[in-house]
Amino acid sequence: DQQVKQNSPSLSVQEGRISILNCDYTNSMFDYFLWYKKYPAEGPTFLISISSIKDKNEDGRFTVFLNKSAKHLSLHIVPSQPGDSAVYFCAATSNTGKLIFGQGTTLQVKP
Amino acid sequence: NAGVMQNPRHLVRRRGQEARLRCSPMKGHSHVYWYRQLPEEGLKFMVYLQKENIIDESGMPKERFSAEFPKEGPSILRIQQVVRGDSAAYFCASSPPGLAKGNEQYFGPGTRLTVT
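Chain order of the listed sequences is L and F. Following the working numbering from start to finish, the first sequence increments by one per residue and tops out at 94. Following the working numbering from start to finish, the second sequence increments by one per residue and tops out at 118.
Just so you know, the hints here were simulated from the structure itself, not pulled from any lab data. Idealized CB from N, CA, C, for every residue including glycine. There could be a bad hint or two in this list.
With a Cα cut of at most 16 Å, we get these calculated EDC-like pairs of lysine to aspartate or glutamate [claimed, not checked]:
hint : chain 1 : residue 1 : chain 2 : residue 2
1    : L       : Lys(-12)  : F       : Asp88
2    : F       : Lys46     : F       : Asp58
3    : F       : Lys46     : F       : Glu59
4    : L       : Lys54     : L       : Asp38
5    : L       : Lys93     : L       : Asp67
6    : L       : Lys20     : F       : Glu70
7    : F       : Lys64     : F       : Glu42
8    : F       : Lys46     : F       : Asp88
9    : L       : Lys51     : L       : Asp7
10   : L       : Lys(-12)  : F       : Glu42
11   : F       : Lys29     : F       : Glu74
12   : L       : Lys20     : F       : Glu59
To be clear about the criterion: a stretch of chain L counts as covered by chain F if any three or more of its residues have a C-beta under 8 Å from a C-beta of chain F, and this derived list gives those stretches [what the hints assert, rightly or not]:
hint : stretch
13   : 18 to 30
14   : 76 to 83
Using the sequences and the hints given, assemble the complete structure.
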């Protein structure tokens, strides 16, 4: 059972434009959501998170939106840069410490 | 301030051999998590340990896999009698003492296990 889903395996955007990565979840017990970025042959790096009591969190070019009723979250990157090209993982936790990851979305930002 | 260290970075084992993967958490961190990433998939939780205690091993296969985090030294993920399906990237993460929020998990670079 895939509790966290990223339905788009890949996304390609032009430099300077907005990148929107989507994530859906099924478990209503999740209370914290995170986005990680991963380059090949490296470990995931934390990007941004959001608590279930909020609907938006912003950090520089990165904004995460949470729609609890739809069990959906999204990551917006504005403006997108070529260095943002990586695999992005959405993850969720119910305060147990254990992270449940989506399958990942490969973002390519074209110069 | 070194990050999470994992070694070896690459490990090749023949079927039936044992694999030992090591993880040294960040300084001051007492919680360790192991995740596995199979090809073309996301990371899957395996086990959560604190010093000398297994807190959650709900993601560990029932046989051949074990993990420990001794009082002294690194955390070890041990896979006995490896099979080709064990080929994957194994990531370790650590977090500080206290209730672990997801954003406090710092990941190591991973160990890529290849079973031939």
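How the hints compare with the structure:
no. : hint                    : in the structure
1   : Lys(-12)(L) to Asp88(F) : violated (23 Å)
2   : Lys46(F) to Asp58(F)    : holds (13 Å)
3   : Lys46(F) to Glu59(F)    : holds (12 Å)
4   : Lys54(L) to Asp38(L)    : holds (11 Å)
5   : Lys93(L) to Asp67(L)    : holds (10 Å)
6   : Lys20(L) to Glu70(F)    : violated (28 Å)
7   : Lys64(F) to Glu42(F)    : violated (23 Å)
8   : Lys46(F) to Asp88(F)    : holds (13 Å)
9   : Lys51(L) to Asp7(L)     : holds (10 Å)
10  : Lys(-12)(L) to Glu42(F) : holds (14 Å)
11  : Lys29(F) to Glu74(F)    : holds (13 Å)
12  : Lys20(L) to Glu59(F)    : violated (25 Å)
13  : 18 to 30                : holds (count 7)
14  : 76 to 83                : holds (count 7)
In this structure, the hints that do not hold are numbers 1, 6, 7, 12, in rising order.
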